[in-house]
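Student: Here is what each chain is made of, one letter per residue.
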Amino acid sequence: MLRKMIEIRRFEERVERLFLQEGTLIGPSHLYLGQEAVAAGAISALNDDDLIVSTYRGHGHAIARGVPLNPLMAELFGKATGTCKGLGGSMHVSIFPEKGILYASAIVGSGVPIAAGVGLALQQAGKRQVAMTFFGDGATNTGAFHEGMNLAAVWKLPVVFVCENNLYAMSTRADKAIATESVADRAEAYRMRAMAADGNDVVAVFLSAEEAIENARKGEGPTLLECITYKLKGHGVYDKAEYRPKEEVEEWRKRDPIDTFEAKLLKMKLTAQADIDRIEKEVAASVEESVTFAKSSPILPFEELSNFVYAR
Amino acid sequence: MPELTYAEALRQALREEMLRDPRVILMGEEIGVFEGVYKVTRGLLKEFGPERVRDTPISEAAIAGAAVGAALAGLKPVAEIMYMDFVTICLDQIATNAAKMRFMSGGKLKVPFVLRTQYSLGRMHGAQHSQFYPSIFFQVPGLKVVLPSTPHDAKGLLKASIREDNPVVFVESGALYRTKGPVPEEEYLLPLGQCDIKRKGDDLTIVAVSRVVGEALTAAAKLEEQGVSAEVIDPRTIQPLDKNTIVESVKKTGRLIIASDDVKSGGIGSEISAIVVEEAFDSLDAPILRVASADMPIPFSPPLEQAYMPNAQKIMEAAKKLIG
Amino acid sequence: MFRVAMPRLDPGMQSGKIVEWLKKEGDRVEKDVPIVRIEGEKTTFEVNSPGAGVVRKLLFEPGTDVQVGQTIALVGEPNETLPVETGAPAAPEPAVAQQVTVAPAGPRIQEPSASPVARKMAREAGIDISKIKGSGPGGRIVREDVQKAIDQMRSQPQAVGFSAQAARAVPIARTIKLAGKRKATAERLSYGFHTTVPVTITMEARMDTMLGHRKELHNKTGEEISITAYVVKAAAKALEDHQMINSSLEGDELRLYSDINVAVAINTPDGLVAPIIPQTNKRSILEISRGIRDLTERAIQNKLAVTDLTGGTFTVTNLGGFGVDLFAPIINPPQCAILGFGRTSEKPVIIEKQVQVASITTLSLVFDHRIVDGVPAAQYLQRVKELLEDPKKLE
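Residue numbers (our numbering), protein chains in the order written: chain P, 2 to 313; chain X, 1469 to 1792; chain G, 33 to 427.
These are calculated hints, taken from the structure and not from any lab test. Among these hints, one or two may not hold up.
[Claimed, not checked] Reference listing, derived: stretches of chain P covered by chain X, where coverage requires no fewer than 3 residues with Cβ under 8 Å from a Cβ of chain X: (1) 10–21; (2) 89–103; (3) 119–126.
Beta carbons are placed, not taken as given, at the ideal position from N, Cα and C, and that holds for glycine.
When you get a sec, could you build the whole thing from the sequences and use the hints?
Tutor: Given below as structure tokens:
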């Protein structure tokens, strides 16, 4: 899981540089920096045949699930070798059905009812598969969220609803937008099981997710898993997040999920610094390789685009 | 050949497809226990059980969204939105998500589901329970939009829509549910994206959809008595539209009327009109006329609603304007 | 507030250029005092102030082209608020120009209301659609109306003097459907006949010298040189000084061509064709003769190319070989004129009060009076005759 977190962190850092320093990439992009433990922890608890509905802040989900970096980076560059052949962009880059990530929507909250539908199909299939979906604190205020949660609860669908509560929906503080005390409290409205975990502690996330997944597999219905975490940077890549108080940012920096996990592993002698260094080196190389790959890839010719409107 | 009602024809289509393919499931409000507000799903809950015929809460976004998700994950859901007016509640799921998913994913995703809905224009349901506006979907390519006008067409088109690999918005006409028509006993499918020439003629082309097809045929019969031979074309699918059949017909007759229940401005007629001017300009012997609903919300009072809607009389008046 | 607007000086004027402001903003002016100099299509003139007041605003810089009718200056009292300029040309309250009175706007050409298919049919049949009466709504000309006009155009005209009864009683031996070249010829000539205003003038030309020249050329080259070649060369050379005739009228646009391409009417079993000798005036008589022979052969074998049949600016036609003395051919549309000549035959002529024998051919020039008048046409024909009678001038 450490490796996954490091991969996410370095990939996102590289992407940020491509946007801000190098000016190579343009457009909206929502980085996963700071939230690595949620994706790495939750997704690691899934089986290979479980399914995921991601979001526009999905680079982390994709990497945690093992989507290769090359097509991810190529999609950000809008190239034909990208996960969506360059037609989707950053907000849909995690769509990778080959690894079970069925969709990523740019509309806040719209993935929730879709995830319920995925759960419905899995329930029908009867193979004890589970659907997992991610969304932020802001999404829990949308109509689609409520409708999807309610339906999942009423039909006891095998879905784990993971809320990545990073305390801010863009610049709107969660405590100003959410009527309940916490996101987890919302589950009560649907009589759905709720769990909460420290979103910056990858092991805690993993254990909670594992429990929620197991419940779903047993047919005991959905769980709302609230993971409290924090974004290192703003909502989108250009957002400087000056609306966040400096002390708060500092406070959370001290709780960096990667740093704390590395420290724990080193202390418990489950890993050595040399291993960590080796991982960093390999990750750096594969991230750089993905940039080279992306830069040298072609773009789809426009004439081919109309082939993608309908399935034939 | 047996005569079935439009509703019964739809019911048979659903049932046959559910028997044929276990992946087909139904979801919607009141479709199970109540057997559907228009009885289209009568008996299906009993036959297929609650796993496959699912009554939902009043959650259009969830109904449409869950249908999308289930389709992504391998099922073939047929979701019902009780009134076309409610489609706007779940427009995000249909227009922003479903229509675009294949394209946005570079062709990786397939979303094979049918969204059945109906419009009740003509039944005094008032402004918020009568709207017919399939033309909004012209703006989000990626969906197929199907409009059956007879029991025969309804069955064949619904079966074909369920077997489609693309999201289909299937718009039924509430006013037609109780109308009867011949429906073959053997299995048949009707192709999507192809016009049906319901009546051949030489002097005038009338393109009509859904409920108005009947009105157009009535008008055509009356015009025949006056020596005017009208060709009536039912596109059946407006997206993708079989424009060739329409263009060839106009090249033959030189005159075109487009008749539909949607509001005139920005309706189906506007799009077809533009296509025909572009592709058959030199064949036009007269301007193109649209016979459609008035540019206003639907009035409740029955005679006012009738005055608001298109009918055979209005089609004939348009024909007179063209021919003189 | 008085508006000074760009005046229209002639019906075709669309815009005028501001040459120089004669007053500046703030100057006080009386009525009819010139405030600006404008350049129109052909002349410059001054525009006067329409009233007394202070020049409040000059709206354009010198050198700017302004549409007719648009306001170019405002004259009023200092305390009046300036009106908002919409940019669309103001309703003309034109200042009175000093030298030229403002002419009213040119006549609006009324296009008849006609459906697209009707226009297309009329265009292809060569019918002037404005001559057709419309039976559609609002008097619109529709397909049916054009079809009727086409049918009428093609029906046989009644023979003069015969009663209709007699014509209907005539039995038909054979019906040939008009098609191919015959049909094309029929349509083209009909169109030409209906659109041009043909006038015929004739002159007799003495061909003796030309015949002698021809014999010499024959002896020199061993080739048969046709009389037609001489006439074609003469016609071409004469066009060099009469460009007006080397032209065509398209709508209201008269096109004077820089190349002279004379077409020669050739009779083939399938019908009449008129292929061209490109740059006829630049070719020698020998070349032209060879060219005519080649074209004739290819015409009979149906091997003429599109380039042979297009680009003609004038036509020469000859029926002399069939014993015709004089005839008035139909102008080959869209050309301006056609020169026909008949057979060369010996005739008595009076030279210095003595009767002598000379070889005479009659030249008939049919020209389109819309383009050219009788006098210049006669001058042209005179030149042709001159060149034919003295072929040395043709070299």
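Student: Just to make sure I understand the rule, a stretch counts as covered if three or more of its residues have a C-beta closer than 8 Å to a C-beta of the chain. Does the region 10–21 of chain P meet that for chain X?
Tutor: It is violated, with 0 qualifying residues against the three required.
Student: Has the region 119–126 of chain P got at least three residues whose CB is nearer than 8 Å to a CB belonging to chain X?
Tutor: Holds: 7 residues of the region 119–126 of chain P have a Cβ under 8 Å from chain X.
Student: How does the coverage statement for the region 89–103 of chain P fare against chain X, requiring three or more residues with Cβ below 8 Å from a Cβ of that chain?
Tutor: holds (count 6)
Of the hints listed earlier, the one the structure fails to meet is number 1.
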